[in-house]
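A.B. asks: Given chain D, put chain Y in place with the hints provided.
Those protein sequence lines, which keep their order, are chains D and Y.
So in the working numbering the end of the first sequence lands on 271, straight run, no missing numbers.
So in the working numbering the end of the second sequence lands on 588, straight run, no missing numbers.
Hints are computed from structural coordinates only; laboratory data are not their basis.
Predicted model only: the values in this text are computed from it and were never measured.
All C-beta atoms in this analysis are idealised placements derived from N, C-alpha and C, irrespective of residue type, glycine included.
Accuracy of the hints is not assured; some may be wrong.
Which residues of chain Y face chain D? A few of them, derived with a C-beta cut under 10 Å, are [said to hold, decoys possible]:
(1) G321
(2) M322
(3) I329
(4) V345
(5) A349
(6) R366
(7) C413
(8) R414
(9) H575
Cβ pair distances, simulated, as ranges [as the list claims (entries may be wrong)]:
(10) R86(D) - R304(Y): 35 to 43 Å
(11) E539(Y) - M239(D): 14 to 22 Å
(12) V237(D) - G448(Y): 46 to 54 Å
(13) R86(D) - G448(Y): 41 to 49 Å
(14) P450(Y) - K148(D): 39 to 47 Å
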Amino acid sequence: MLRPMQVAPSETPALNNYSPEVRQQLFAYVLQLADTSLILGHRLSEWCGHGPILEQDLAMANIALDLLGETRSLFQYAAELEGQGRTEDDLAFLRLATEYRNPLLVEQPNGDFAATIVRQFLFDTFHYHCLVELHKSPDAQLAAIAEKAVKEAAYHLKWSSEWMIRLGDGTAESRQRLDKALATLWRYSGELTTPTATEQALQAAGIIPDYAALRPAMDAHVAHVFGEATVPVPQGVFMMTGGKEGRHSEHLGYILAELQYMQRTYPGLKW
Amino acid sequence: METVEINLEDQFQARIDADISIEPKDWMPDAYRKTLIRQISQHAHSELVGMLPEGNWITRAPSLKRKSILLSKVQDEAGHGLYLYSAAETLGASRDQMLADLHSGKAKYSSIFNYPTLSWADMGCVGWLVDGAAILNQVPLCRTSYGPYARAMVRVCKEESFHQRQGFEIMQTLCEGAPEQKAMAQEALNRWWWPTLMMFGPKDADSPNTAQSMNWRIKRFTNDELRQKFVDMMVPQAEFLGLTVPDPAVKWNEARQAYDFGEVNWEEFWNVVKGNGMCNQDRLGARVKAHEEGAWVREAALAHAKKRAERAETQAA
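So here's chain D without its partners, still in its complex pose (with noise of 0.2 Å):
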């Protein structure tokens, strides 16, 4: 269904081949998915020891886990990639808030259990499907994290689609905070799959996967959910987009307030 990658990995650039340029746009490229999985894995953590029911509780701490395990991976390739004895750390901790390269949705604010779980379905929906690709790329490291990534993210998927199913088929009340979620969040669903320059310049050396490419699936699963879910799927919604290229919501600004807090109250120590 999915359009093969361009280029064949035996053709791969080893890292130190690739031209400045590329190498610049492949080190924005893995920081933005970075900062993606910490600003999401940071919303999930929020929840912990808050959630609905015991057994949620530690599912949202799981994924929020898996997030972090993936955000750790990326921000230490893109360190590699950047070549200037950057940490982990000082990326994900030490950069200003227009510097942040993650979609608006994963910023937004956890609300209700419903706004938690159309965030999550949203995300893991493109989540899922961008990586069953780019375990496929000739970027052999990029490849190497998507394929550790995938299999958690299936379970992710599996675990937002079924409460999609259930709070959309449930109650009266589970319903009605359904629809609510849905007004609020799917505007922020189509930035996703808006390639950057950065990605699109990607897409085109065949390094990253043509998000064009990815919508049927994405589109297929989305209408078998909300079809299990009775729920219409939104149409003609304006799509807000700017977070990938570092426009982001009043949100942002205090998740890194705390996100940030001891490494810039402390500056240079280890912990």
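C.D. replies: Relative to the frame of chain D, chain Y by itself:
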């Protein structure tokens, strides 16, 4: 009737004395069942409430590695809560009722969690001291007379000792770091030392349930015995870290081969038990809020499961 009852009770005590574990379907005295439900549910509640003071630092952890470790640790506590609620359920208690008792204030949880976590070093102290004290309380429970509880505790203790090492490692990193990190470690120790000594409960003379629990082998050491063990274990560790335990009376006693130490402030202990600690209202409030705000989620899950079951039945028909 009475004769049969006495025989059962004698047989029960004989099994206990022979260290044969009691299983859910075995006959047991009502008081034994009640004591266990109280103790196991309190322990489960402590795991649940105990997620909050550490959860407080997840979003502010100073490095990605520390954040990961802390989040896994808090998640382990949720897991411990699950095993323990399940163990209590084998005695006929329902999770809903146990939670209702926690929320109404009828059931207690460990008072240590009513103290605030104010700095990153508190993540070190909670692991090193609080989990250290919990382990001393819990290791004997791996041999407690009630089988499901003992088996749950084997798993809990394995994870707790891992947590304790992590806590110590946080403290060690701080103590080997910059002066402000070492000061942070000392300040946290000053706040946590006495409250952890209180975790072993009132002095033996003031602990009315100890004798019966020892006799039923639910408990294997007295509060004062465990408190002494804790001090003997922790004072040398604090010295190794280069930290000072905030008790001028701490001194090695050659004759007793143990450390002498000062008197716990029992007035503070009873005050916190009665609800007057810094965080009692916040901790319980957070649990009640999570439960109440989660009601519609639990209802939706049940309603959906019912719809599915009905549809499956219709299809089968």
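A.B. asks: Identify every previously stated hint that the structure contradicts and give their numbers, smallest first.
C.D. replies: Violated: hints 7, 8, 10, 11 and 13.
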